[in-house]
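Those protein sequences? They're chains A and B, same order as listed.
For the first sequence, this note's numbering assigns the number 80 to the initial residue and increments by one for each residue that follows.
For the second sequence, this note's numbering assigns the number 719 to the initial residue and increments by one for each residue that follows.
If you are wondering where the hints come from, they were derived from the structure by calculation, not from laboratory data.
C-beta: ideal position from N, C-alpha, C; glycine also.
Accuracy of the hints is not assured; some may be wrong.
As the list claims (entries may be wrong) - Listed next, with one range per pair, are the computed distances between beta-carbon atoms:
{"no.": "1", "chain 1": "B", "residue 1": "G911", "chain 2": "A", "residue 2": "V89", "range": "43 to 51 Å"}
{"no.": "2", "chain 1": "B", "residue 1": "W740", "chain 2": "A", "residue 2": "G204", "range": "26 to 34 Å"}
{"no.": "3", "chain 1": "A", "residue 1": "V311", "chain 2": "B", "residue 2": "V988", "range": "24 to 32 Å"}
{"no.": "4", "chain 1": "B", "residue 1": "G798", "chain 2": "A", "residue 2": "W240", "range": "26 to 34 Å"}
{"no.": "5", "chain 1": "A", "residue 1": "A186", "chain 2": "B", "residue 2": "G798", "range": "40 to 48 Å"}
{"no.": "6", "chain 1": "B", "residue 1": "I910", "chain 2": "A", "residue 2": "S205", "range": "55 to 63 Å"}
{"no.": "7", "chain 1": "B", "residue 1": "R920", "chain 2": "A", "residue 2": "W370", "range": "42 to 50 Å"}
{"no.": "8", "chain 1": "A", "residue 1": "I84", "chain 2": "B", "residue 2": "V844", "range": "26 to 34 Å"}
As the list claims (entries may be wrong) - Chain A stretches covered by chain B per the calculated footprint, using a threshold of three residues with CB under 8 Å from any CB of chain B:
{"no.": "9", "region": "99 to 108"}
{"no.": "10", "region": "317 to 323"}
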Amino acid sequence: MRRYILARFVQAVAVLVQVAVLVFLLMHLAPGDPIELMSDQLSTREDIATIRASLALDRPILVQLWLWLSRALRGDLGRSLRSGLPVAQELAGRFPYTVVLTLSSMALAVVLGVTAGVAASLRRGSWFDTALMVISVLGVSIPPFWLGLLLILLFAVILGWLPSVGGDTPWHLILPALSLGTSAMALIARMTRSTMLEVAGEDFVRTARAKGLVERRVVYHHALRNALIPTVTIVGLQFGTLLAGAVITEAVFAWPGLGRLVVQSILNRDFPVVQGCLLAASASFIMVNLWVDVLYAYLDPRIRYG
Amino acid sequence: MRGESGPRTAPSGLGERLRAGWRRALRHRGFVLGLAITGAALLTALLGPLVSTRDPYAQDLRHAFDRPSWGYPFGRDEFGRDLYARVIQGSRYTLGMGTATVAIGLLAGVALGSAAGYYGGMADTVVMRAIDLLLAFPSLLLAIAIVSILGPGLVNLVIAVGVYSIPQFARLVRGVALALREQEYILAARAIGVPDPRIIARHLLPGCVAPVIVQATFSVAAAVLAVSGLSFLGLGAQPPLPEWGVMLSRSRGYMRLAPHVVVFPGLAIVVVIIGLNLIGDGLRDLLDPRLRRVL
Chain A
80 MRRYILARFV QAVAVLVQVA VLVFLLMHLA PGDPIELMSD QLSTREDIAT IRASLALDRP
140 ILVQLWLWLS RALRGDLGRS LRSGLPVAQE LAGRFPYTVV LTLSSMALAV VLGVTAGVAA
200 SLRRGSWFDT ALMVISVLGV SIPPFWLGLL LILLFAVILG WLPSVGGDTP WHLILPALSL
260 GTSAMALIAR MTRSTMLEVA GEDFVRTARA KGLVERRVVY HHALRNALIP TVTIVGLQFG
320 TLLAGAVITE AVFAWPGLGR LVVQSILNRD FPVVQGCLLA ASASFIMVNL WVDVLYAYLD
380 PRIRYG
Chain B
719 MRGESGPRTA PSGLGERLRA GWRRALRHRG FVLGLAITGA ALLTALLGPL VSTRDPYAQD
779 LRHAFDRPSW GYPFGRDEFG RDLYARVIQG SRYTLGMGTA TVAIGLLAGV ALGSAAGYYG
839 GMADTVVMRA IDLLLAFPSL LLAIAIVSIL GPGLVNLVIA VGVYSIPQFA RLVRGVALAL
899 REQEYILAAR AIGVPDPRII ARHLLPGCVA PVIVQATFSV AAAVLAVSGL SFLGLGAQPP
959 LPEWGVMLSR SRGYMRLAPH VVVFPGLAIV VVIIGLNLIG DGLRDLLDPR LRRVL
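Can you build the whole structure from these sequences, using the hints too?
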């Protein structure tokens, strides 16, 4: 197990470095000179040259890459071209909001999705099962940003129960988390239902029943534990979807996270900040998938020993 | 769906199989419903001017925010423009962009995937490493990264979302190609000296048709979501184009005043995506139930 985790860890770090290089190269392929954009107020050619030199933009690209990578490793991601603040500082202010939003919508999706999926599989063919399947098709088809607008309309405008925009109190989290988590919830419910139905026909479930275990123990201890394995994979992949979806959801709810920062920075051509956001998001996605793989190995011994 | 998969069959057998498949498909309720919805959406996009004769750009500020009525079934927006005409016109942008992005992803993905799977070795390693790298970006963030380089806009958005959908096709086709390349009919073709590109085109790719069609259907649905979402953010289509995501982002400020301005464009997106997802689910069940595990 330890060797497996170590190998996966090394692999994750390698991917992260490659992603960092790719992000850097992408940003330097971008047409449009950020310095020209910055220099609206600056007058002289010398000023521009000085800034270019201070950002090392006059050095060969490989030197720039090396400088950037070695600084990034020390947590220095450069400065925003707009605000002049260190990118790391800008990220640190925003990232926690995105993490909270992503994790709470994921928690919502897992708890409700697995519960609904198990319930539906136990009542196969019932009205509940049918209703859940219809809702889940709707759930994966509804754009999160539109669902967000509808939720604002219903809960903030018409009923007045919850605040619509901002990120000051826990109440502000409910609607964004719901609108972001719905499609993952629908997917997880579908997946759990179908794997539960598959597992229910397996020998080990029949054996568990045959040796006289109570039904609850058969379902939750024997069937669900095995049915959850594919669900865990979905959770890992969906984390990426949620992280990227947060960009859009944050725009709907004026949630002060990374997503709004990245969109603003793209529109402003503030490349260092875009770079930092992409790197932070990819790094957390890679880390989550590392954890998912470890969890997977824990749930399925065949991987550990295979 | 097509009889091209597997070794060639006699024409009469092929026609028979197609007819049998079609009959089976018509019994699949979800598939039929999806086909009806998507067919209607495609017809609307193609015949737009016949379905709505009004100008989607014509403003009439005296009638701004008019509620839905018989003459204006979806009501009017903040500039008094006919929302029904705009939603109809918007179907062209949304469906057009969705299809174009998937065409990019499909062509590039199938080419890369079949080369990687068929040749194996170095080609496989290089292609799959590159694909893994693309997949290390959390989903849409890859498209957002590409838009940030190319700059916001309709064409750039199509390219960005197209690149974003390459990995799924590449991995899928590579998987099938790996399984097929040791099959006897392919070994036989190689043994009699058929050139590689011809083997890939004539013998390998037909085996990928079923999963690729299923994946393409789901991908168009995902692309419609992505395209409207990024346009909503201001990174794709720009106003006053009646693209559904743009319409939503422009009108959301007025939704307290006139909820209908956000209801109809969003509903249009949902209907199109449901239609495509139902077709995808149906095709997967009909073509190859085993795909349930992968797609």
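Results for each hint:
no. : hint                          : verdict
1   : B:G911 <-> A:V89: 43 to 51 Å  : 44 Å, holds
2   : B:W740 <-> A:G204: 26 to 34 Å : 27 Å, holds
3   : A:V311 <-> B:V988: 24 to 32 Å : 29 Å, holds
4   : B:G798 <-> A:W240: 26 to 34 Å : 33 Å, holds
5   : A:A186 <-> B:G798: 40 to 48 Å : 44 Å, holds
6   : B:I910 <-> A:S205: 55 to 63 Å : 58 Å, holds
7   : B:R920 <-> A:W370: 42 to 50 Å : 45 Å, holds
8   : A:I84 <-> B:V844: 26 to 34 Å  : 28 Å, holds
9   : 99 to 108                     : holds (count 5)
10  : 317 to 323                    : holds (count 5)
Consistency with the previously given hints is maintained throughout, with no hint failing.
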